[in-house]
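Using the sequences and the hints, build the whole thing.
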Amino acid sequence: MALNKPYLDVTGTTIFDAEQSRKGYWLNQFCMSLMKAENRTRFKANERAYLDEWPMTEEQKQAVLARDLNRCIALGGNIYFLAKIGATDGKSFQQMAGSMTGMTEQEYRDMMIRGGRSIEGNRVVGEDGDAQAHRQPQGAAGRAAREDSAAGRKARGEA
Amino acid sequence: MARITASVYSSHVPAIGAAIDQGRTGEPYWVPLFKGYEYSRQWMQENRPDVIFLVYNDHATAFSLELIPTFAIGTAAEFTPADEGYGPRPVPKVIGHAELASHIAQSVIQDDFDLTIVNRMDVDHGLTVPLSLMCGQPQAWPCPVIPFAVNVVQYPVPSGRRCFMLGQAIRRAVESYDEPLKVQIWGTGGMSHQLQGPRAGLINAEWDNRFLDRLIAEPEELSKVPHIEYVREAGSEGIELVMWLIARGAMADVAGGKPPVVRHRFFHVPASNTAVGHLILENPQ
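Chains A and V, in that order, are what the protein sequence lines are. Using the numbering used here, you'd call the opening residue of the first sequence number 1 and step up by one each time. Using the numbering used here, you'd call the opening residue of the second sequence number 160 and step up by one each time.
In case anyone wonders, no lab produced these hints; they're calculated from the structure. Please note that a few of the clues may not be correct.
To be verified - Partial selection, computed: residues in chain V whose CB lies under 8 Å from chain A: (1) D242; (2) Y245; (3) N310; (4) V312; (5) R331; (6) E334; (7) S335; (8) G356; (9) A359; (10) L361; (11) I387; (12) R391; (13) G416.
Predicted, not measured: the structure shown is a model, and the values here were computed from it. Note that the Cβ used here is the ideal one computed from N, Cα and C, for glycine as well.
Written out as structure tokens, the structure is:
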């Protein structure tokens with residue numbers, strides 16, 4: 001019988017459960033190694049070579065090299081482990097969290113000062129809140145992308 | 160006998176620790192947050208306990224994926240503030256209380272809660288930030304601290320119900336200790352926050368304030384709230400709030416005593432990515 005996972009339909013959210021943890025074991029353990037200053041130095045000197053010392057998948061290595069935290073999480077990473085990469089890069093937790101929304105650092109910081117992201121429309125996949133898939137990326141980057149695609153449709157004579 | 164005099168609840172956001180350590184508490188961004196803890200530092204000086212039993216979670220610091228204990232009690236003589244990647248926080252070493260911690264471990268395990276006993280463990284911001292908020296920047300912490308780490312990183316984490324019952328077992332354990340110690344129990348973490356994915360930055364102030372109301376007035380009912388509600392309403396990291404139910408379960412009214420006195424209540428958004436909540440509840444003398 002399948003396990004009960006009522007959290008799979010929460011908007012823009014990946015729950016780090018036993019299955020994700022199994023997928024991400026070496027990715028997260030690599031992150032953990034960055035707690036040691038000597039490892040941070042070796043990683044920064046040659047990221048690819050350092051990653052190749054770990055039995056991670058190629059996809060996981062590419063996601064780390066690109067600092068694509070959403071991809072890292074999809075591949076089994078957990079944010080508290082991935083934060084060690086951010087610390088190595090000198091990034092704050094807010095910068096890391098913001099990077100997953102597509103917003104600029106300033107846009108994300110401003111959203112938090114205004115009281116944070118609203119829960120409305122963001123409880124369940126399929127609603128219309130700002131964290132829903134059809135509204136990514138967020139912020140100016142998303143507006144530009146949507147304007148571009150609207151302009152493209154217009155140029156091609158589409159509605 | 161030892162007794163639980165009060166419970167304290169607080170978020171443990173790492174950026175708060177950084178603001179204190181770097182002398183930035185006077186910045187406009189941080190002023191309202193630290194103002195909310197002014198009373199608490201005063202209260203702490205006037206109500207200094209003999210021991211703090213501090214419920215927190217480790218954030219991939221002492222525990223990697225090699226070992227994931229659901230409930231871990233620190234029974235060592237001392238605990239070193241961890242290097243979480245930015246260098247260790249410049250705060251005092253945490254002195255444990257090995258005798259009381261071992262006593263609680265034995266009692267609680269005999270009471271059906273299977274704790275992991277930890278004799279070597281560095282402690283991260285989850286434990287040291289609440290100490291800084293409540294005690295300021297002393298040369299030494301005001302009393303010994305028993306670290307109690309709860310897994311809220313890998314699902315499934317313990318249920319609110321389980322945490323609430325564990326708090327009750329901890330109270331019984333404390334009260335069966337012969338020395339007349341005054342013990343405070345602190346529950347930390349939360350409130351609403353999400354640090355990952357497109358929904359990062361979620362805050363649900365209405366839900367948080369309802370949680371504070373219910374924690375004070377109807378903790379037993381609150382303990383029945385399932386994980387999914389925390390995740391959906393308060394964000395994937397908002398699940399840390401189950402730890403507050405351990406501290407609440409240890410209060411006298413849960414075992415038929417008088418309701419606690421609410422000494423202080425504070426709520427503020429934001430600290431970095433997080434809604435900060437804070438309560439001080441005293442057991443009536």
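Exercise for review: Mind listing which of the numbered hints don't hold for this structure, in increasing order?
Suggested key: 3, 5, 6, 7, 13
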